[in-house]
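Novice: Chains as they are written, first to last, in this note's numbering: chain R, 393 to 868; chain E, 393 to 868.
I should point out that these hints are in silico values taken from the structure, not numbers from a laboratory. Small disclaimer: the values here were computed from a predicted structure and weren't measured. Take the hints with a grain of salt, since some may be wrong.
A pair holds if it fits inside one copy or across any two, identical chains being indistinguishable in the list.
What the hints assert, rightly or not - DSSO-like, lysine-lysine: derived pairs with alpha carbons at most 27 Å apart:
#1 704 - 804
#2 475 - 749
#3 787 - 582
#4 591 - 442
#5 440 - 482
#6 427 - 482
#7 427 - 440
#8 442 - 482
#9 656 - 427
#10 442 - 475
There are 2 protein chains.
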Amino acid sequence: MLTRQALNPNLLAAQYAVRGPIVIRAQQLEDQGKKIIYCNIGNPQALKQKPLSYLRQVLSLLEFPELLNDSSVTSRYPEDLVKRAREILKFHPHGTGAYTQSAGIPFIRQAVADFIRERDGIPADRDHIILTDGASKGAQSVLLALLRGASDGFMIPVPQYPLYSATLALYGGKQIGYFLDEENRWQLSKQILTDSYDKARREGTNPVGIVVINPGNPTGAVLTAENIQMVIEFAGSRRLAIIADEVYQENVYGEGLSFISFAKMMHEMHERDVSLFSLHSVSKGFLGECGHRGGYLEIRNVPPDVLAEFVKQQTISLCANVDGQLATYLMVAPPEPEDESYPTFVAERDAILGSLKAKAALLGEAVNRIPGMRLEIPQGAMYAFVRFELPPDRKVDVATFSPAEQRAHEEKRDTEYCLALLEETGICVVPGSGFGQKPGTFHFRTTFLPPLEEIEDFVVKLRQFHEHYTRELAEA
Amino acid sequence: MLTRQALNPNLLAAQYAVRGPIVIRAQQLEDQGKKIIYCNIGNPQALKQKPLSYLRQVLSLLEFPELLNDSSVTSRYPEDLVKRAREILKFHPHGTGAYTQSAGIPFIRQAVADFIRERDGIPADRDHIILTDGASKGAQSVLLALLRGASDGFMIPVPQYPLYSATLALYGGKQIGYFLDEENRWQLSKQILTDSYDKARREGTNPVGIVVINPGNPTGAVLTAENIQMVIEFAGSRRLAIIADEVYQENVYGEGLSFISFAKMMHEMHERDVSLFSLHSVSKGFLGECGHRGGYLEIRNVPPDVLAEFVKQQTISLCANVDGQLATYLMVAPPEPEDESYPTFVAERDAILGSLKAKAALLGEAVNRIPGMRLEIPQGAMYAFVRFELPPDRKVDVATFSPAEQRAHEEKRDTEYCLALLEETGICVVPGSGFGQKPGTFHFRTTFLPPLEEIEDFVVKLRQFHEHYTRELAEA
């Protein structure tokens, strides 16, 4: 019989904190009847966010196209959506049940290219777009394709969304962490990037790419134009490819801030040499259609033979799921002002984005009033990376620890904190060590997705818990 | 800028013939207006097979659950399906838009366990079932998990579905081919397995598992009970895990034959030590729901810590798409005799299976009448692996070739054959070299999915082409 020791050591090493032991414990508690507030994962529709009607209406017609022949049914749909469903079936008569081209349905890739062109005012080519099962699969395909051996690595932010660390571990690549600057609204620092790159080189690691998440997960930061430009120049000077994880591009709340894509900035800089892999998804933004696993990968500045290898990689699992492809189409081509479905679309969209903005502010302000807690009020995305203080652990002498021992000790402490928070209050958040954090600091990541009243409740419970937990630790 | 040389050499080495250069050429010809008969891929709904109504009706309600509140809509659906949609939303209130547990929605895993228990009369446990984006993703997760290093390998059939060879190449594992016995209805031979295993060992390869596809792709063979028992004993004696690719389990046409699962045979043999990974999918059988990317992986005879690693692996890409999970549920829990939707379900199912059986026989008999062609009439699956003769190539002296040179030369010849067939007739099939074949033999794989009249047309064109192509070669 297989034993754990017989498994791929890379699999054993991979960790994905967002769904780790704390979440497993939360599910156990929930099975026992405890009310859990799931703030561990950006999963809006599990937290009562309603799907956008237009998207689901079209999908319902495409799942059972015979509905289109029944006027007593179609009369209950906005006229433009019935028309849209018919058009989709004209362009793609095989419907939702057939494999598509490996890179995805051609007319949808064209619509994605049109979306990028309109968003950024830059050229875009459908043949450089691959439709994927969510952005995760796109990111994984780039990591796998660019790692030639065990000494190759990717620069990844710290803190970072653990998809990147877990996938690098799984594929046997090196993680080259670079700290985001918490004191400077979690922007990237050229000095830190340079130091991190040089250190990796000295240690025999060959950096092949850099991952940037903008808006940030778990930080909620929105990068400035200057910051993006700096990263592109840095990547160009070191011959690094860029993975731009831009799945939160619609989630920008900070006053005066806006999302700037890496593709647009590169175009403005006339940068033609840095290879760029941009990711987008239907799971975030205001759609929150996580379960549909839709998204795309746009590839820039690569020669045709490299592009062909990416398409070939897709062929091995045939194609992304078709409903996810269709959801991606509906994301990039939403209702237009003249459409019957438009007012509902706008009202639903604005309600979701308005609520997220209000909840980010509410959470941020309330947490900052808790003694021993501090938070950069999220400007974007769906997360707050909350810093908290713990009294020193007098049972051990940290000064004698190696860096690895210190990291393990701090991981134990923030995990215990989050586990105690869960057991006591039912609040499920992810320890900062799951994303990475500066030595000597503690954080947890929470979403601000639950309904407003649950977030109000969350903050009250968090404050009580934190006071009581740190007092007990200090007295121990 | 990235160059091809900068990419992962494993990616460069991976080949997936089912969607290779011949298919790309077919798409070009189609864009130029040529009618193509796509026999390269098991994609029924792209070849006019209609989806089963019950499955799509339920999905349409789940995509837009507000339909359930409108009696003028629900009155157009069979009553049991409306009830079913409501029940699903009771068990899984988050609907199609939220991430699920990484292993899949619990009630669906339970339904899969019930399905296995009823199919085989054996115990089954929902916690040993992982819902996947089609069977491909399940297979890939097992290959990745069991390969510890570059000298580990899997025994794979020759000919085989190239998912396995491509994924092994991609993950840097070794392919240990074992020939299926064409003279014995493509069954597995203990002698061949032993020889292949011993040869791999001698060459320094460490076999960790064996892949068996039953019913076979591309062979269409259905394995006998004795053959399955032999494979299990062989795996037990060599400490190999088994991957049982059983996605064609509903596609059995041969008189007196039936599908026997590896799980059932192991249970009857009281085999508790051989680790088993069984795959199933919504893409094949009579559903043909390829685009929904639904399927499951059932894991037997592994300790809990190994099972936990498989679940952890799923967490990294969050979960399989929810529509695919729901389609899997509807596959394992179809309408019951007392349901309003039952007669339609049975009629649609039987029409599809009856048509596949008739087309397999028609194709098989007609091809066997073509001089220089020979075919084991497919007993199962959706494919025929047609053997054809080519006159010797007098431009080269094959006797001086190394085995690798011979393989390359034969690959060139069967690829040229299939390309010429495509250019001349519009028939798109895959060369035997894409699946593997015995040295000195030529094959191509074709599906028997197109409508009956297209298959009749196919056979006429194939005969004309083959006579003319081989005559020209012989005269050259």
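Novice: Run through the hints listed earlier and report the numbers of any the structure violates, in increasing order.
Specialist: Of the numbered hints, 2, 3, 4 and 9 do not hold.
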